[in-house]
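Protein chains: 2
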Amino acid sequence: MSRDVYEKIINLGKRRGIIFPAFEIYGGVSGFFDYGPIGTVLKRNIEEKWRKLFVYNEGMVEIESTLIMPSQVYNASGHLAHFTDIMTKCSKCTNILRTDKLLTDIGIENAERLKTDELDRLIEKNDVRCPKCNGQLTKSEPFNLMFQVEIGTHSGSMNGFCRPEAAQGQFLAFKRIYLSERERLPLGIAQIGRCARNEIAPRKGPIRLREFTIIDFEIFVDPDNLSYPKIKYVEHEKLRLLVAQEQLAQSSKIMEITVKEALEKGIIKNQILGYFMVLASKFLNDLGIPENKQRFREALPDERAHYSQQTFDQEVWLQRWGWTEVSGHAYRTDYDLRNHMTCSGVDLRVYKAFDKPKKVAKNVLKPKMDVIEKDYGALNAQIIANLLSKSDHKVICRELNEKGFYELMGQHLIKLESKHIDIIVEEMVESGRKFIPHVVEPSFGVDRILYAVLEYAYLEKKKRVILELPLQLAPVQIYILPLVTKNGLPEKAREIFKMLLDESLTVIYDESDSIGRRYARADEIGVPICITIDYLTLEDDTVTLRDIKSWQQVRINSRDLPNLLRKYFKNKLRFDQLGKPL
Amino acid sequence: MSRDVYEKIINLGKRRGIIFPAFEIYGGVSGFFDYGPIGTVLKRNIEEKWRKLFVYNEGMVEIESTLIMPSQVYNASGHLAHFTDIMTKCSKCTNILRTDKLLTDIGIENAERLKTDELDRLIEKNDVRCPKCNGQLTKSEPFNLMFQVEIGTHSGSMNGFCRPEAAQGQFLAFKRIYLSERERLPLGIAQIGRCARNEIAPRKGPIRLREFTIIDFEIFVDPDNLSYPKIKYVEHEKLRLLVAQEQLAQSSKIMEITVKEALEKGIIKNQILGYFMVLASKFLNDLGIPENKQRFREALPDERAHYSQQTFDQEVWLQRWGWTEVSGHAYRTDYDLRNHMTCSGVDLRVYKAFDKPKKVAKNVLKPKMDVIEKDYGALNAQIIANLLSKSDHKVICRELNEKGFYELMGQHLIKLESKHIDIIVEEMVESGRKFIPHVVEPSFGVDRILYAVLEYAYLEKKKRVILELPLQLAPVQIYILPLVTKNGLPEKAREIFKMLLDESLTVIYDESDSIGRRYARADEIGVPICITIDYLTLEDDTVTLRDIKSWQQVRINSRDLPNLLRKYFKNKLRFDQLGKPL
Numbered sequence: 002m003s004r005d006v007y008e009k010i011i012n013l014g015k016r017r018g019i020i021f022p023a024f025e026i027y028g029g030v031s032g033f034f035d036y037g038p039i040g041t042v043l044k045r046n047i048e049e050k051w052r053k054l055f056v057y058n059e060g061m062v063e064i065e066s067t068l069i070m071p072s073q074v075y076n077a078s079g080h081l082a083h084f085t086d087i088m089t090k091c092s093k094c095t096n097i098l099r100t101d102k103l104l105t106d107i108g109i110e111n112a113e114r115l116k117t118d119e120l121d122r123l124i125e126k127n128d129v130r131c132p133k134c135n136g137q138l139t140k141s142e143p144f145n146l147m148f149q150v151e152i153g154t155h156s157g158s159m160n161g162f163c164r165p166e167a168a169q170g171q172f173l174a175f176k177r178i179y180l181s182e183r184e185r186l187p188l189g190i191a192q193i194g195r196c197a198r199n200e201i202a203p204r205k206g207p208i209r210l211r212e213f214t215i216i217d218f219e220i221f222v223d224p225d226n227l228s229y230p231k232i233k234y235v236e237h238e239k240l241r242l243l244v245a246q247e248q249l250a251q252s253s254k255i256m257e258i259t260v261k262e263a264l265e266k267g268i269i270k271n272q273i274l275g276y277f278m279v280l281a282s283k284f285l286n287d288l289g290i291p292e293n294k295q296r297f298r299e300a301l302p303d304e305r306a307h308y309s310q311q312t313f314d315q316e317v318w319l320q321r322w323g324w325t326e327v328s329g330h331a332y333r334t335d336y337d338l339r340n341h342m343t344c345s346g347v348d349l350r351v352y353k354a355f356d357k358p359k360k361v362a363k364n365v366l367k368p369k370m371d372v373i374e375k376d377y378g379a380l381n382a383q384i385i386a387n388l389l390s391k392s393d394h395k396v397i398c399r400e401l402n403e404k405g406f407y408e409l410m411g412q413h414l415i416k417l418e419s420k421h422i423d424i425i426v427e428e429m430v431e432s433g434r435k436f437i438p439h440v441v442e443p444s445f446g447v448d449r450i451l452y453a454v455l456e457y458a459y460l461e462k463k464k465r466v467i468l469e470l471p472l473q474l475a476p477v478q479i480y481i482l483p484l485v486t487k488n489g490l491p492e493k494a495r496e497i498f499k500m501l502l503d504e505s506l507t508v509i510y511d512e513s514d515s516i517g518r519r520y521a522r523a524d525e526i527g528v529p530i531c532i533t534i535d536y537l538t539l540e541d542d543t544v545t546l547r548d549i550k551s552w553q554q555v556r557i558n559s560r561d562l563p564n565l566l567r568k569y570f571k572n573k574l575r576f577d578q579l580g581k582p583l
Numbered sequence: 002m003s004r005d006v007y008e009k010i011i012n013l014g015k016r017r018g019i020i021f022p023a024f025e026i027y028g029g030v031s032g033f034f035d036y037g038p039i040g041t042v043l044k045r046n047i048e049e050k051w052r053k054l055f056v057y058n059e060g061m062v063e064i065e066s067t068l069i070m071p072s073q074v075y076n077a078s079g080h081l082a083h084f085t086d087i088m089t090k091c092s093k094c095t096n097i098l099r100t101d102k103l104l105t106d107i108g109i110e111n112a113e114r115l116k117t118d119e120l121d122r123l124i125e126k127n128d129v130r131c132p133k134c135n136g137q138l139t140k141s142e143p144f145n146l147m148f149q150v151e152i153g154t155h156s157g158s159m160n161g162f163c164r165p166e167a168a169q170g171q172f173l174a175f176k177r178i179y180l181s182e183r184e185r186l187p188l189g190i191a192q193i194g195r196c197a198r199n200e201i202a203p204r205k206g207p208i209r210l211r212e213f214t215i216i217d218f219e220i221f222v223d224p225d226n227l228s229y230p231k232i233k234y235v236e237h238e239k240l241r242l243l244v245a246q247e248q249l250a251q252s253s254k255i256m257e258i259t260v261k262e263a264l265e266k267g268i269i270k271n272q273i274l275g276y277f278m279v280l281a282s283k284f285l286n287d288l289g290i291p292e293n294k295q296r297f298r299e300a301l302p303d304e305r306a307h308y309s310q311q312t313f314d315q316e317v318w319l320q321r322w323g324w325t326e327v328s329g330h331a332y333r334t335d336y337d338l339r340n341h342m343t344c345s346g347v348d349l350r351v352y353k354a355f356d357k358p359k360k361v362a363k364n365v366l367k368p369k370m371d372v373i374e375k376d377y378g379a380l381n382a383q384i385i386a387n388l389l390s391k392s393d394h395k396v397i398c399r400e401l402n403e404k405g406f407y408e409l410m411g412q413h414l415i416k417l418e419s420k421h422i423d424i425i426v427e428e429m430v431e432s433g434r435k436f437i438p439h440v441v442e443p444s445f446g447v448d449r450i451l452y453a454v455l456e457y458a459y460l461e462k463k464k465r466v467i468l469e470l471p472l473q474l475a476p477v478q479i480y481i482l483p484l485v486t487k488n489g490l491p492e493k494a495r496e497i498f499k500m501l502l503d504e505s506l507t508v509i510y511d512e513s514d515s516i517g518r519r520y521a522r523a524d525e526i527g528v529p530i531c532i533t534i535d536y537l538t539l540e541d542d543t544v545t546l547r548d549i550k551s552w553q554q555v556r557i558n559s560r561d562l563p564n565l566l567r568k569y570f571k572n573k574l575r576f577d578q579l580g581k582p583l
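Chains as they are written, first to last, in this note's numbering: chain A, 2 to 583; chain B, 2 to 583.
Some hints here could point you the wrong way.
One copy or any two copies: either way a pair holds, since identical chains are not told apart in the list.
[Stated by the list, open to error] Simulated crosslink set (DSBU-like; lysine-lysine; CA at most 35 Å straight-line):
#1 102 with 375
#2 435 with 140
#3 126 with 462
#4 369 with 53
#5 261 with 499
#6 53 with 568
#7 9 with 53
#8 254 with 294
#9 231 with 571
#10 568 with 93
#11 239 with 359
#12 464 with 176
#13 53 with 283
#14 573 with 261
#15 176 with 462
#16 53 with 499
#17 353 with 464
#18 357 with 499
#19 231 with 116
#20 231 with 15
Quick caveat, the hints were computed from the structure, so don't treat them as lab data.
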């Protein structure tokens, strides 16, 4: 049976130290993978590429927060209540199953969007049974996907969770960072780090992991100004969108549209969302994933995360799994900051001065103490006046206008009518305003992206495996190969090896086996250039360079290596410009 | 009350986005800290410095394994049984306390090394009570410091733990990496990543964390050859050792000794341990921690981790806490691989071919079937012969010699004597040997090192705070400051900003407040060079450069900035060589 590209990549990954199942000697646990020496550098190169594009070039910042957080955080963020999968159990063999998957398996579409009741109804209607023992399934219930831990011990302990996303770290520390970053908006705060989700039965290898690396990029903005000046540099770039409307009409038609037009037509809600979608597309392109194998799918209202007002999932076409989400672009509004403000009692609003102070007409409430005393007694009147002063005057005015009364929450509910309150219009000078920033969040799954990079880099040529990675991603840039292990060739080769190491290039010295075998080894892990040292080298100091892509060879003087290679790896020279062809 | 340097650093850390307590808006949880934008880059620079020194320069490799691991791993590694603190509880207020700390607090030395019984005896003898409510303390018991999680759900679940060290990842994947790294020894496999330990009551800020970043470097070696050729380059380097002998004599006298002499005298057990101790000392030096503020303390036999045969703790002098461990250098022998081999049943030995095949005399056992049949019956004789063929012949020969019999474990215990077995000496040809590699492990606490770096970089000058970091660690390399925000200065400044950004320098543009204030801001986060753009710049394109260390200023043409600054940050030019002094 011929293996698909996924199997080939996992096989290569195991053999060459790229990626492999964790705890293999104990049989492994699904959803856990490790990166070997080559995979670790490849992963870091991908992260560094992202960092350059999104953080350095945009003048944004990065933080590192903890993976374990106390339960208050996830209570406020909504994850305790909403971050669940619906599962059912076999009443006979106690097998645990995701209810939506069971329905998907019998051909029911979009089952992952259905609510618990609806899922159970369909299970019953279609008489779905345990696939293992044909037993009856129990009523479904939500299962929280966070790993729980106990912080401290016994009576002094509290519940905590391993973070299912990195973003909460940014929200919790936002105020501090906003201040140390001189109160500028938009302010993008990135975080690259590990997260964990207790998936019920992960099956898709490195695509659905229980532990994974996320890049969460929270861009805090003024909700009255969602513009991004640099949009002008990319406004004619085209995006490939699969909008919600098409999906609702059972179509998967791609709309190719400039970001400018998408913004004008309201298809993308704001410039910040649009700008970083363009950047995300460029990012994947730079990683070797062609444009026509990417698309942005707009999430339907009922499949958006609990915090999002608009979401586009960036998807990549993978041979085994079809369109697969690798990043999400969500407009999280002020959902998180507002909830943390409510739950912690800490003011997370920012203050922004107007260019010059503004005169504004403001409704000011004056309690009519005599009427209130008459209706509620003298003692209560004081309390009511006090509560009123702390309430939102805008809301009170609106409710008095609309409903004719306002219910004040004290120890008891107190109904205030127009007769109890004078509304006076006062002219005031305001020098600025306070508001909760909104958040636009591009969020990337590093492991999925890495897998996609491998899939698009993988090719076979003359029965050999070649990993044709983009130049900047190469985990090893150069192989140094003495033709034979005698007559001074290894010594000369080691000299060159050392010289290139000092140039901060990643170099491997390899002297075992035939040259052909060593070339093949280099190709398998995507080494762009092999340098061979032979007898001629000892005479005239020239070496042979071999290109991974064309297998072409050129001959150059070893003295010129540092200078030429530096230019080559900065994409300033092509391979055939490096020396004389052989 | 005057604040100590720790308080000053934490204050600076909060104000300038370096390091601060996590979940502050919820009151924080002790043992959890976050890194802000400046701290995150500083931390990464420290890690990258380590990587260069230990991985790239030594031709070693790095991997990334999971933080959550199933319990089998920690059963085999001994952490389930041994990774504990001894705690007691107040029978009145249920307060949880570390028993050894209670004794340390009343002046008993080295309490952390005592066993549970001994601790309880001292608690009773000294009538130690709950410091909070004076209640009676319960009998002490061990408390495992690993955070436990449940992987999967209900019947399909298994216990897992958040890793308390990264090292197990290397042990589990060793065989795979050994093969993909072309079976070379010594093979160093590094891992830089987060770990978690459920400390009972962490109090020392970023020094004792519940979540922290570790660098675990497992160097796999041939136990018959613990030499390291590069030792010859450092053999005259001096190490500052506090050996076990001195400590046992209640002395803390430092021995200054070359690594060569320490190896010859057996004070350091092997070259690999010694070589990487020299490197660790150089590493801290490069980070700005002076030699005389460092020492290696040899761990006493009873305070070594359960897996170690010799350990040196690298300690740094900190103002609040005195000598503080920042790295450990342990000779872990084959403890971990051996246990994983036993528990998993997977052969983790490596094979090494001899230079040429060796002739060896070997004892070969031949069961005397007639005698065995007579004593145990014909059927059993077959089984016995079979069991014998699978047993370790060396052990059987030894026992027959020493005890006169050997007990064979089958379904029943069978006693075999010399009469049952012929021992024949055969000459055989062996082409290599199989063995379990030994492990030397340098292991670094990144957070502690970062804190030490801050402490040694922190100084006050003319009532201003200056973070005088080593050049290569600077989280921000350059501040760009237009003198005023009008008349074209910001435009010119942004041009220069962009130019230096393109040179991959980390640059910040800052135009608010007076120049003096902006200099002060730059000093606080350790920006080595400030570049000021003034009216003269518009005329002759020159700018002023200011040095963080001397506050000296030089004037240079902005065209020369990329070239000169690149050299400066590679330590190839001094500041005063950059231009004309002002």
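Going down the list of hints, with the structure as the test:
no.	hint	in the structure
1	102 with 375	neither (65 Å within a copy, 64 Å between copies)
2	435 with 140	neither (48 Å within a copy, 56 Å between copies)
3	126 with 462	neither (52 Å within a copy, 79 Å between copies)
4	369 with 53	neither (61 Å within a copy, 75 Å between copies)
5	261 with 499	between (51 Å within a copy, 26 Å between copies)
6	53 with 568	both (19 Å within a copy, 22 Å between copies)
7	9 with 53	both (31 Å within a copy, 33 Å between copies)
8	254 with 294	within (14 Å within a copy, 67 Å between copies)
9	231 with 571	both (25 Å within a copy, 33 Å between copies)
10	568 with 93	neither (66 Å within a copy, 73 Å between copies)
11	239 with 359	neither (41 Å within a copy, 70 Å between copies)
12	464 with 176	between (57 Å within a copy, 27 Å between copies)
13	53 with 283	both (12 Å within a copy, 30 Å between copies)
14	573 with 261	within (32 Å within a copy, 48 Å between copies)
15	176 with 462	between (55 Å within a copy, 29 Å between copies)
16	53 with 499	both (28 Å within a copy, 14 Å between copies)
17	353 with 464	between (64 Å within a copy, 31 Å between copies)
18	357 with 499	between (62 Å within a copy, 31 Å between copies)
19	231 with 116	neither (42 Å within a copy, 65 Å between copies)
20	231 with 15	between (43 Å within a copy, 31 Å between copies)
Checked against the numbered hints above, the structure breaks hints 1, 2, 3, 4, 10, 11, 19 and satisfies the rest.
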